[in-house]
Amino acid sequence: MKTIELSSVLTAGKAFTAKVEADSKVNVRSCYQCGKCSAGCPAAYAMDYAPHQVIRMVQLGLEDRVLSSHAIWLCASCENCITRCPRDVDLPALMDTLRRAAYKKGTVAEKNVALFNNLFLQSVETYGRPHEMSMMMRYNMKSGQLMKDVFRGPELMKRGKMSLRPEKIRDNGAVRRIFGRVRASSGGEQL
Amino acid sequence: MKYAYYPGCSLDSTGIEYQLSTKAVAGTLGVELWEIPEWNCCGASAAHNTDRLLSLALPARNLALAEKEGLDVAVPCAACYSRMKATEKAVRGSEDVREKISEIIEMEYGASNRTLALLDVFTNQAGLEQVASLATKPLQGLKTACYYGCLMVKPPRLAEFDDPEDPQTMDRLMDALGAEAVSWPYKTECCGAGFASSRTDIVLQMSYEVLRLAKTAGAEAVVTACPLCMLNLDMRQKEIEAKNGVAIDLPILYFTELMALAFGHKPAAIGFNKHFVDTTPVVRKVEQGRRAKEVQP
Amino acid sequence: MKRVGVFVCHCGSNIAAVVDCERVAKEAAKFPGVAFSIDNKYMCSDPGQDLIKKAVEEHHLDRIVVASCTPRMHEPVFRRATENAGINPYLFAMTNIREHVSWIHTDREKATEKAIDLVRMAVAKVLHTVPLEKSSIPITKRALVIGGGIAGMQAALDIADNGNPVVLVEREPTIGGKMPMLDKTFPSLDCSACICTPKMASTDQHPNITIYTHSEVERVDGYIGNFQVTIRQKAKYVDHKICTGCGLCETKCPNKKIPNSFEAGMGNRTAIYKAFPQAVPNKPIIDAANCRKLTKDKCGVCAKVCPTGAIKYDDQDELITIDVGAIVMATGYDLFPWKEAYGEYGYGKYPDVITGLQFERLVNASGPTSGHILRPSDGKEPKTIVFIKCVGSRDDVKGKAYCSRTCCMYTAKHAHQAVDKIEDSHVIVFYMDVRTAGKGYEEFYQRTVEDGVHYVRGRVSKIYQLGDKLIVRGEDTLLGEAVQVNADLVVLATAMVPSAGSGEIAHIVGFSTDKDGFYQEAHPKLRPLETFTAGVFLAGACQGPKDIPDTAAQGSGAAAKASAVLSNRSMETDPLISQVNDAVCAGCGVCVGICPYRAIELKEITQRAGGKTIARRVASINSGLCQGCGACVAACRSGALDLKGFTNQQIMAEVDALCL
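So the sequence lines, in the order shown, correspond to chains A, B and C. Our numbering puts the first residue of the first sequence at 807, with every later residue one more than the last. Our numbering puts the first residue of the second sequence at 543, with every later residue one more than the last. Our numbering puts the first residue of the third sequence at 298, with every later residue one more than the last.
Bound-form chain A, shown alone (with noise of 0.2 angstroms):
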């Protein structure tokens, strides 16, 4: 393990925690690193790292750990962490802005977890709402696992719980336009 040399770490990581905690609005100086959240978290032991040393690492502002970490693409935003919580530290919503810090970084470390938010969007984009059985097709190709779930589709769809066709909104226009109008305005984070 290396050693590191905090104040060179910090003084290279201030501008990318003061950025985090504006786009998230949560205050990571809050935490006392009592490791509730990393405690009651169900997802924590696929982690790489426990979800308060993730904020431990926002504390710190070591980016290029973070955000090239497996750990903030497993939280399942279930918000047990957050209800939990003792000091109020909105772990969710770090855990939203450091996957869309990220994403924005090219540093995915949970690459089909990105995917399949990508193609779930671009579906929703395209016809207003998902369609399953295009996406998850598109979805095990990209990903290379072709046989992913296959047997599921003619389960599924011998119960009528999905539809070889896509389900069209006829104002689908609207939802694109809306797709353009976030493009344009750079992800509102600053809201």
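Don't read these hints as lab results, they were simulated from the structure. Ideal placement from N, C-alpha and C gives every residue a C-beta, glycine not left out. Take these hints with a grain of salt, some might be off.
Dumping the calculated BS3-like pairs for lysine-lysine here, alpha-carbon to alpha-carbon at most 30 angstroms [claimed, not checked]:
| id | chain 1 | residue 1 | chain 2 | residue 2 |
| --- | --- | --- | --- | --- |
| 1 | A | Lys917 | B | Lys785 |
| 2 | B | Lys827 | B | Lys757 |
| 3 | B | Lys757 | A | Lys954 |
With beta-carbon atoms standing in for the labels, derived distance ranges [claimed, not checked]:
| id | chain 1 | residue 1 | chain 2 | residue 2 | range |
| --- | --- | --- | --- | --- | --- |
| 4 | A | Met963 | B | Lys835 | 37 to 47 angstroms |
| 5 | C | Ser935 | A | Ala824 | 55 to 65 angstroms |
| 6 | C | Thr527 | B | Glu637 | 53 to 63 angstroms |
| 7 | A | Arg982 | B | Glu641 | 17 to 27 angstroms |
| 8 | C | Gly927 | A | Ala824 | 38 to 48 angstroms |
| 9 | C | His425 | B | Glu637 | 45 to 55 angstroms |
| 10 | C | Lys350 | A | Ala818 | 50 to 60 angstroms |
| 11 | C | His357 | A | Ser813 | 51 to 61 angstroms |
With chain A held as given, fit chains B and C onto it using these hints.
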């Protein structure tokens, strides 16, 4: 009672039972559900991970359409409910957000209407006495584990109708329907929801915990109010059993299905036959219970 | 010609870092009436005070202005310095260029200008000041102590030993407070009852102490030296003058299943009861709400068996009025109601999740299990015990932001007792920090670790029951991994909060509380035992979370303060109070209702007008009660009221100095 109704994407597909039973229950309760015309997807878990503005704008369009009619919005899906609630609060809390969002969705949206969980509408708003009086075929003795999932009652700043750690709305509903709600500890723990496709391994683990504890508590069925929970607990139950080498056999039902059943609707008409885990034991148990009760004067 | 001296304090760098004090002094020299002006590093120090004296001699000054910190801090110091220099102490004005300038501004130029303006105003004010004289009021040589726990008993004993009578009022049927509930005390592991019960007996037997138990203070009038106190002695239904305390009634009472608050809900008592065998007074009372005779007019067994006929079912509350000169507040603490807040720990639905105080009863030889640690659900000895610290403390969301100070140590003590008493036990303490700031405390904690107690750094996120185990899910933050304990018993170190009803009694006595409801001390360092109400002092956990050593020390401290008041026959009062101009007063009485200290009444005066003697009513100020707040002055429609030392003329002069 009239509400704008936002079914959300799942209710036309994987959550078809939720849709069928919701309509049946609304009919019996006399709750008018006006489906928002040409509603769009709320962005679910994908939008807020990608773009904050998008995550507010997608729900806002639907809410604005309802606001024009002066209606509160009833939302069955816990994930949609959470996103809509977040949007409602953000718009109500900031004039800047309100302006920006109105501009993006090409409609005025001032969050003057409320977003309500369908669970809240069918219980607290409709009144449990009325529900109980309409339960002509009570679910005698059925032991249920009420599973609220994560987003229906959390985070606490968005949770408006029940407790985030030990909610009671569905438990009281079961009581009104003649069923029993077992006490169990995983009422509001997450099933893995959004990772169903991208990290199925995590979902299998998280959902297993939920099912295991429901089973241990003696439940004969799990009751849910969320189509994502349903998908994970129902469709993936076989996989969970195989992976952990255990038999679970827990039917998963929407609270609306049990309401409709108790109101006397035919199981097939409200989607009982569309589940992956066989639901006939539930129907049988309820009928047995009722017959036993009728025998005893 | 008036000659004002201006003294500008640097307060080290507290003021000088932001304000150019030298320039302020130079500018002040130019103000009308100023004969001398200087800046100094520490005006409150001896050399600083000497500077005033020397300047008065050399420059023949007759008025003083000091620009420094808040008057709350050092106004008395500078008044005395002014007096020592031979000037009437009220020909002095203080202006605050620290809290009002240097601590809140960063721009040196603008801050200096503001400081100059403030000094300009103070000079204008002091020019219109007249000499004032102190008056004196008599002192009632008796103290009231409210609350009979360790703090109240210590205070009462010390005041009584000083030779003054004390009235001790306790809400519960016995004095002693929480301490007799405890088993052992840290860090010495002394038996708590062995320390506390002798103290209870001494308090009871002291010739100077009168105890009213099962009583509450209902009303307090008056002011320092002259309080009138009304005490409600609640009906006991037992005549304690006749009762011998034999205890026969308790053994015969049929209602035996009432949760005993002394056992923290872990044991039961009867409807006629003594809280515990060493209770003081050692005589029972009847709990009216649970007595079948008093609620349903049935039973009556206690009266039948009482050998002395002491039972009085028709007993009534009694009001007692006493005069006292000083009051010590010692109302103690309660535990944070965790069952209402912590759903993740089960909202109290799991019987084997208990508080530290309940654990004290379990481990106490006189407790419901005779000192055997047996868990409430099934009476079995727990092998794996989890302690969770900071439940309600350091949690701004569900509980309190503050640290409750005592939990780290009592949890270490409990953990030590658990490993000591239970063979092959696993004792696990979840903590965030271990705070052991006390004599011998860190050593005690280290010993606990040596004993084999496992400390895990992290909070517990969830507890749930699975079979006969409690599943405790926490994080070991040092390991960076989640941990789970399949526990038999969980003990929560719940936060200390002000005792129930403490806010009401503060209101009755007339002083303020802080944001958490603890009693507000006048100054954390300079006046830690005093309230803002003269003659009312603080002892123990009512002022903030405290352990027993600190509580006892504060009890003695408050006693010293109260004794100082009682040591005089009379005391001087501040002349900065309201005055009435009888000639202008219309007797409307608006001020009477407005005065928060009940210091104004209407009195009748006679005067000659047009050759006739007429009587009319005018406002009259009670100099003992008036605190100089000025509310009446602002309210007076005829301009008859004025506040000495802050007259309308002085304030207008300040405004003019700033604006003209």
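Against the structure, the hints:
{"no.": "1", "hint": "A:Lys917 with B:Lys785", "verdict": "holds, 25 angstroms"}
{"no.": "2", "hint": "B:Lys827 with B:Lys757", "verdict": "holds, 16 angstroms"}
{"no.": "3", "hint": "B:Lys757 with A:Lys954", "verdict": "holds, 28 angstroms"}
{"no.": "4", "hint": "A:Met963 with B:Lys835: 37 to 47 angstroms", "verdict": "holds, 40 angstroms"}
{"no.": "5", "hint": "C:Ser935 with A:Ala824: 55 to 65 angstroms", "verdict": "holds, 59 angstroms"}
{"no.": "6", "hint": "C:Thr527 with B:Glu637: 53 to 63 angstroms", "verdict": "holds, 55 angstroms"}
{"no.": "7", "hint": "A:Arg982 with B:Glu641: 17 to 27 angstroms", "verdict": "holds, 22 angstroms"}
{"no.": "8", "hint": "C:Gly927 with A:Ala824: 38 to 48 angstroms", "verdict": "holds, 46 angstroms"}
{"no.": "9", "hint": "C:His425 with B:Glu637: 45 to 55 angstroms", "verdict": "holds, 50 angstroms"}
{"no.": "10", "hint": "C:Lys350 with A:Ala818: 50 to 60 angstroms", "verdict": "holds, 58 angstroms"}
{"no.": "11", "hint": "C:His357 with A:Ser813: 51 to 61 angstroms", "verdict": "holds, 59 angstroms"}
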